[in-house]
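**Q** Chain residues, written in single-letter form:
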Amino acid sequence: MENNIGQYDHKEEYTTLNLGPTHPATHGIFQNILTMDGEIIVDTEQTCGYIHRAFEKIAEHRPFYQVTPLTDRLNYCSSPINNMGWHMTVEKLLGVKTPKRVDYMRIIIMELARISDHLVCNSVIGVDIGALTGFTYVFQWREKIYDIFEEVCGARLTTNIGRIGGMERDFSPACISKIRAFLKEFPAALREFTNLLERNRIFMDRTIGVGAINTERALNYGFVGPNLRATGLDYDVRVMSPYSSYEDFDFVIPVGINGDTFDRFMVRQQEMWESHKMIGQALENLPEGKFFAEVPEFYLPPKQEVYNNMEALIWHFKIVMGEGEVPVGEVYHSVEGGNGELGFYLVSDGGRAAYRLHFRRPSFIYYQGYPEMIKGSTLSDAIVTMSSMNVIAGELDA
Amino acid sequence: MSEVNNAYLLKELEEQFAASIYSAEEPYGMLTIELDRKDIAPAIQYLKDHAVLKFNFLTDVCGAHFPDKMGKELSTIYHLHSFTNNIRLRIKCYMPLADPTIASVSAIFNGANWQERETFDFFGIEFLGHPNLKRILNVEEMEYFPMRKEYPLEDQTRTDKDDTYFGR
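Protein sequences appear in the order of chains S and H.
Under the working numbering, the first sequence has 956 at position 86, and the numbering climbs by one with no breaks.
Under the working numbering, the second sequence has 137 at position 135, and the numbering climbs by one with no breaks.
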């Protein structure tokens, strides 16, 4: 689109518009102070920190165990990925090798979480351009995913799922049948959602070429995940640094071309199909064996043991108080979260809590690219761009 | 492609910055070097422009506080990633509490901008040459740097707060 930014000297006529902090279209609490020339955005200043909860400080005072619920609240659209990323970080520090069954169970949960994350993001793009139907429709499927989480860990949104060393319990028959039902029924729903938007003339007109960024700029801004892949670069942590046996799986990394809103949407759509495929593979080849690794110093003993067995009670107490032996060292581990590379940098001094824990939060880093993407566009395009970037306030502010 | 490993990476770095690399280790497989802070920007630029190494991605910038290390109390930690060779590198720079300054790398990797602001916000490390170094997550009126170790987590038993309006 042609615009006349900088051609006229009429800065005194610019309007300042506050987008946020509690604007419905920001889907979280953060603010953009836009400088507008009529309909056109000339400049923007971003502020964040409205829901900063000092997780890194808290983590320095809690045993490893109690850090998991903090990670729930980073990207709360896909908490299980955060939980498991953290568990794997600790396992890497301790040198724990998890059984294959644990890895596959984790992949099932993580890919389900990825689907729920992408479902929300993609349907919300529709909402922000006025297509509410898809959103209300796919939310049913997010609920079904949450039913599966509930079957595994008892919680739905902030899951606190899994343990250091494995899963808290094996998949129950009810859980397995729920996953199977989901695998069977979800494709039809996703196809219907696809039909609703992917080739929809209005949707395409509103998203193609909107909020585009090229690979070089995206890399420079630290873009990761679907937002980077939409620009055409196939960086995916699951392939580059495989964790949790992702190397056993057969999947493709979808990439876009133009790095615009439509490509971001399409990459997420395609990733849902890939995730669906991976869940199928994992369930099909779910290895027999234990659902936890042998780390009695960190893996809570079964509750009935704790009530009836002295040793189990002692272990339970020691774990809860964070008495396990922790090596001195520093470790960086990253997982492919809903928004891309979610990293944990953990410095341990051998104490009961982390000496320093830093979360590499993808939203926080790539949200910096937003002003460049919306300068010269209209407000309505800026809103669609923001929702397609899937900036999650919890992850932005930690 | 696999000829690029930690040993090669270290050799290339030492050729250029031998005098300022104080130590090199490989905890959990990631090459970690301790670099003199004066060389951080040139080193990152060098790694980015290197014809073979091609460290094209700055994964993470963060700070840490070690009150017991005399003269090396504060530190910034950089994680770099080369997509071409799929190799990661960690660079650590230490600085004394009395002079917490280091060059900004936000001109080389724009993504460092907010991460450096965050590090400044929590540790008080000043990034020289940063375009907009102000607090990002905390309120601007804050007078201290909360992630430093001398600030304890709030005591849960304190009585000087009025919680009447919170139903407690």
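Because the hints were derived from the structure by calculation, they are not lab data.
Note that the coordinates shown come from a computational prediction; the quantities given were computed from them, not determined experimentally.
Using N, Cα and C, we set each Cβ at its ideal position, and we do this for glycine too.
Do not rely on the hints blindly, as some may be mistaken.
Within a straight-line C-alpha distance of at most 25 Å, the following computed DSS-like cross-link-like pairs (lysine-lysine) qualify [said to hold, decoys possible]:
(1) S:K881 to S:K1173
(2) H:K94 to H:K40
(3) H:K74 to H:K56
(4) H:K71 to H:K13
(5) S:K1188 to S:K1173
(6) H:K94 to H:K136
(7) S:K1173 to S:K967
(8) H:K151 to H:K136
(9) H:K94 to H:K151
(10) H:K151 to S:K927
(11) H:K56 to S:K927
(12) H:K71 to S:K1245
(13) S:K970 to S:K1245
(14) H:K40 to H:K56
(15) S:K927 to H:K40
(16) S:K1160 to S:K967
(17) S:K962 to H:K94
(18) H:K50 to S:K927
(19) S:K927 to S:K970
(20) H:K71 to S:K927
(21) S:K962 to S:K1014
Across the chosen pairs, the derived CB separations fall in these ranges [to be verified]:
(22) H:E156 to S:T886: 20 to 26 Å
(23) S:I1078 to H:A100: 39 to 45 Å
(24) H:H52 to S:Y920: 38 to 44 Å
(25) S:V1109 to H:Q18: 29 to 35 Å
(26) S:T905 to H:K71: 42 to 48 Å
(27) H:A100 to S:D913: 34 to 40 Å
(28) S:R1222 to H:Q18: 53 to 59 Å
**Q** The structure should be examined with respect to each hint, and the outcome stated for every one.
**A** Hints and how they fare:
The hinted pair formed by S:K881 and S:K1173 fails the criterion: a straight-line CA distance of about 68 Å is larger than 25 Å. A distance of roughly 12 Å separates the Cα atoms of H:K94 and H:K40; the hinted pair therefore holds under the 25 Å criterion. For the given pair, H:K74 sits about 30 Å from H:K56 by alpha-carbon distance, which is inconsistent with the 25 Å threshold. A threshold of 25 Å between alpha carbons decides the hint, and for H:K71 with H:K13 the separation of about 28 Å lies outside it, so the pair is violated.
Under the criterion of a C-alpha separation no larger than 25 Å, the hint pairing S:K1188 with S:K1173 is consistent with the structure, at around 14 Å. Of the supplied pair hints, the one linking H:K94 and H:K136 holds, its CA atoms being roughly 23 Å apart against a limit of 25 Å. With a C-alpha separation of about 24 Å, the suggested pairing of S:K1173 with S:K967 holds against the 25 Å cut-off. The suggested pairing of H:K151 with H:K136 holds, with an alpha-carbon distance near 21 Å, which does not exceed 25 Å.
A C-alpha spacing of about 19 Å is found between H:K94 and H:K151, which places the hinted pair at or below 25 Å, so the restraint holds. For the given pair, H:K151 sits about 9 Å from S:K927 by alpha-carbon distance, which is consistent with the 25 Å threshold. Note on H:K56 and S:K927: the hinted pairing is violated, with a Cα-Cα distance of about 34 Å set against a maximum of 25 Å. Restraint check for H:K71 and S:K1245: not satisfied, since their Cα atoms lie roughly 46 Å apart, outside the 25 Å limit.
Under the criterion of a C-alpha separation no larger than 25 Å, the hint pairing S:K970 with S:K1245 is inconsistent with the structure, at around 48 Å. The suggested pairing of H:K40 with H:K56 holds, with an alpha-carbon distance near 22 Å, which does not exceed 25 Å. Between S:K927 and H:K40, the direct Cα distance comes to roughly 29 Å. Violation of the 25 Å bound is thereby established for this hinted pair. Taken as a hint, the S:K1160 and S:K967 pair is honoured in the structure, with Cα atoms around 12 Å apart against an allowance of 25 Å.
With a C-alpha separation of about 21 Å, the suggested pair S:K962 and H:K94 falls inside the 25 Å cut-off, and the hint holds. Proposed proximity of H:K50 and S:K927 is contradicted: the alpha carbons are some 32 Å apart, above 25 Å. Taking the CA atoms of S:K927 and S:K970, the gap is about 34 Å. The hint is violated against a cut of 25 Å. As the CA atoms of H:K71 and S:K927 are separated by approximately 20 Å, the hinted pair is consistent with the 25 Å bound.
For a cut-off of 25 Å, the pair hint linking S:K962 to S:K1014 is broken: about 32 Å separates their Cα positions. Separation of H:E156 from S:T886 is about 36 Å and departs from the stated range, judged on CB atoms against 20 to 26 Å. Separation of S:I1078 from H:A100 is about 55 Å and departs from the stated range, judged on CB atoms against 39 to 45 Å. Take H:H52 and S:Y920: their Cβ atoms lie about 40 Å apart, and the range 38 to 44 Å holds.
Between S:V1109 and H:Q18 the Cβ separation comes to about 31 Å, which falls inside the hinted range of 29 to 35 Å. A C-beta distance of roughly 45 Å is found between S:T905 and H:K71, which places it inside the suggested range of 42 to 48 Å. Separated by about 38 Å at the C-beta atoms, H:A100 and S:D913 satisfy the suggested range of 34 to 40 Å. The beta-carbon spacing between S:R1222 and H:Q18, approximately 41 Å, falls outside the hinted interval of 53 to 59 Å.
The earlier numbered hints that this structure contradicts are 1, 3, 4, 11, 12, 13, 15, 18, 19, 21, 22, 23 and 28.
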